[in-house]
Amino acid sequence: MSLPPETRPADTGVIHDIGYRGYTGPRLGRAYATRSLFTQSLRAAYGLGRSGKSKVLPFLVLGVVTVPAMIFVAVAIAMKREELPVEYPGYLSSLSLVVSVFLASQAPVLLSRDLRYQTVPLYFSRPITRTDYVRAKFAAMVCAQLLLMAAPLLVLYAGALLGGMDFSHNTGQFLYGLAAAVLYAVVPTSVALVIAATTPRRGFGVAAIMGYLAVSAAVATVAVGISNPSTSGSDTAQWTSLISPTDLVESLVNELFELGNGLDRRHAPGGLGLAVFALVAVAMVVGSYRLLLSRYKKV
Amino acid sequence: MTRAGQGRYLEGVSTAVITTDGLTKRFPRVTALDQLTVEVRPGVVGLVGSNGAGKSTLIKILLGLAPATSGRGEVLGLDIATRGSEIRERVGYMPEHDCLPPDVSATEFVVHMARMAGLPATAARERTADTLRHVGLYEERYRPMGGYSTGMKQRVKLAQALVHDPKLVLLDEPTNGLDPAGRDEMLALIRRVHSDFGISVLVTTHLLGELERTCDHLVVIDGGKLLRSSSTASFTEATAVLAVEVTDFPDDHGREPGAIGSEPGTAVRERLAAAGVEAQPEGSHLLLVRLADESTYDTIRDTVAGLGLGLVRLEQRRHRVAELFTDDQDSRGGTDDVAAS
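Chains as they are written, first to last, in my numbering: chain A, 1 to 299; chain B, 1 to 341.
In case anyone wonders, no lab produced these hints; they're calculated from the structure.
All C-beta atoms in this analysis are idealised placements derived from N, C-alpha and C, irrespective of residue type, glycine included.
Some hints here could point you the wrong way.
Straight-line Cα separation of at most 25 Å, DSS-like style, residue types lysine-lysine; simulated pairs [unchecked claim]: (1) B:K60 x B:K225; (2) B:K60 x A:K298; (3) B:K60 x A:K297; (4) A:K53 x B:K153; (5) B:K153 x B:K60.
Here are a few chain A residues that sit away from chain B, every Cβ distance over 12 Å (derived from the structure) [said to hold, decoys possible]: (6) I71; (7) D166; (8) G172; (9) R290.
Cβ-to-Cβ under 10 Å is the rule here; a few derived chain B residues that face chain A [claimed, not checked]: (10) K60; (11) I87; (12) M113; (13) E126; (14) A273.
Looking at chain A on its own, in the form it has when it is part of the complex (with noise of 0.2 Å):
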């Protein structure tokens, strides 16, 4: 039971062996245990809490969200102008790579380490129910998406304010921003999360993730690119946003607020188009949040 005497920190003359001492004060049960599960989650997927070499990526891709809104409001207010040179939605939207790379690398941190290293059974031994669990990291893995898409969109709004720009048009501009922000932290999370918990192999999870995210985006774009678009043509090559969760937000966003412009302005065809696109995006969330509560059942 003793260890050799030089690691025993008896010398240093602190520390006294009082015996055992029980606990005698509050316990405060299941709903604190969720939310502490969730505080340590939202900290593991910036590296906080885990080695040095985890912090990197999560960080380094904050930098590149942030930095080029720095940029623009620079550019804008030394040129003097009376806009940002970009909408806040459509920042989020060019920048939905990066955010995909991020969930796609940080989702398995939330959910296949557990699975991997055998925690989840621990978890399960403590007060909280499987629902508990999988609520927490859902709701994690969404506000660290948040909070990424969130600092960008601020910088441009301090910024906006800053260089006296109109005050109406970018206050409601931002909140549309927001409004994408939690859909966008909402959707490919919940698939995301999906994947990430049918395997115990962080470096899968990953792969897998960001193979889908990007292959369905990837697909989605060249599909309306390919359709040749005109003023006048149709919008059929647009439903093919339904297989990526990405440009489903993006083509919602952009109907919803009547934003973008272009030819090839990704949005909802239609009345028609725009029920069944916020219909697939609710079923994305409902059916990943049913999948994931079905699949730590078994666990």
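For chain A, the structure is supplied; the task is to place chain B on it using the hints.
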């Protein structure tokens, strides 16, 4: 038991910590638990069974993680079917398998697990420092656990089960993978969990020998059925045996070594049998005699003296629990046994 431990022990649960009544768990193909009715009192209790006997299933059901097919049970007076969350707040669980992420330090991990048990952040840190010290982890607790030895990992696993000061801990094969020295240390630690910390322990194993030294009470299950539940003392007392060794007949000197012991041994055995005392030869020199009561000693002394032999050895042996399950226990009794004088 220390005074503090005693106090906590008495104040805690004076009746059963675990009761099950007709507990049954059926899976599509197998019946893991079959009408298991058992009562576990405070103390160190061994849950013994071969692999697949239903030990892990029982633990899962006791933690409220899997529903029983039929029957009911209570842990610390709480119904397992309806109050799983409360049970898990008061019970610690050390799984058999690895459960430690390698890139996190023991301190960080145990603090997190304490908070997962509902302890506020400050209390979680204090309890973690205390608990890791009690299980014997010092400076290394700040290093990532990937570099730990098996013994250290087992200690962290035990620490996370104790950190929230539970009333009962369920330890699933805690000595798995440890070398003999590490196993002894772990068993001593488990003993202390009860004697010094005042926490009741249910410990599972398929190695029966080690439980004998650690447990107050043994519950033996096989194929999901209860085989036996009784105190460790009654297990071993029931089969107390005496090892008897006698000198050779004076005129037997010079014979073959193999033949030397058997002659007087056989003679003694025949005389003992005549006196109504059962005896079995072990090896060439020893006789194992079943100890019925005090008069057995007298019978042996008189028999040996009557034959004109010298009594070299007369000592009491405790059987290992393992031998209770074999029919020919006397013939193979205690080849590697430590004599209890």
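Evaluated hints:
1. Note on K60 of chain B and K225 of chain B: the hinted pairing holds, with a Cα-Cα distance of about 16 Å set against a maximum of 25 Å.
2. The hinted pair formed by K60 of chain B and K298 of chain A meets the criterion: a straight-line CA distance of about 12 Å does not exceed 25 Å.
3. Simply put, K60 of chain B and K297 of chain A have alpha-carbon atoms about 13 Å apart, close enough for the 25 Å limit, and the pair holds.
4. At roughly 23 Å between alpha-carbon atoms, K53 of chain A and K153 of chain B fall within 25 Å of each other, so this suggested pair holds.
5. With a CA separation close to 22 Å, the supplied pair K153 of chain B and K60 of chain B stays within the 25 Å bound.
6. The beta carbon of I71 of chain A is kept farther than 12 Å from every beta carbon of chain B, the shortest such distance being approximately 35 Å.
7. In this structure D166 of chain A is separated from chain B by more than 12 Å, as the shortest Cβ-Cβ distance comes to about 45 Å.
8. Distance check for G172 of chain A against chain B: the nearest CB is about 40 Å away, which clears 12 Å, and the non-interface claim stands.
9. Its beta-carbon lying about 20 Å from the closest one in chain B, R290 of chain A satisfies the requirement of being farther than 12 Å from that chain.
10. Checking K60 of chain B against chain A: minimum C-beta separation of about 9 Å stays under 10 Å; hint holds.
11. Because the beta carbon of I87 of chain B sits about 9 Å from the nearest beta carbon in chain A, less than 10 Å, this interface hint is met.
12. Satisfaction of the interface hint for M113 of chain B is found here, the shortest Cβ-Cβ separation to chain A being roughly 7 Å, below the 10 Å cut-off.
13. A distance limit of 10 Å between C-beta atoms decides the matter here; for E126 of chain B the minimum to chain A is near 9 Å, and the interface restraint holds.
14. Contact between A273 of chain B and chain A, as hinted, is not supported at the beta carbon level, the nearest pair being about 49 Å apart and thus beyond 10 Å.
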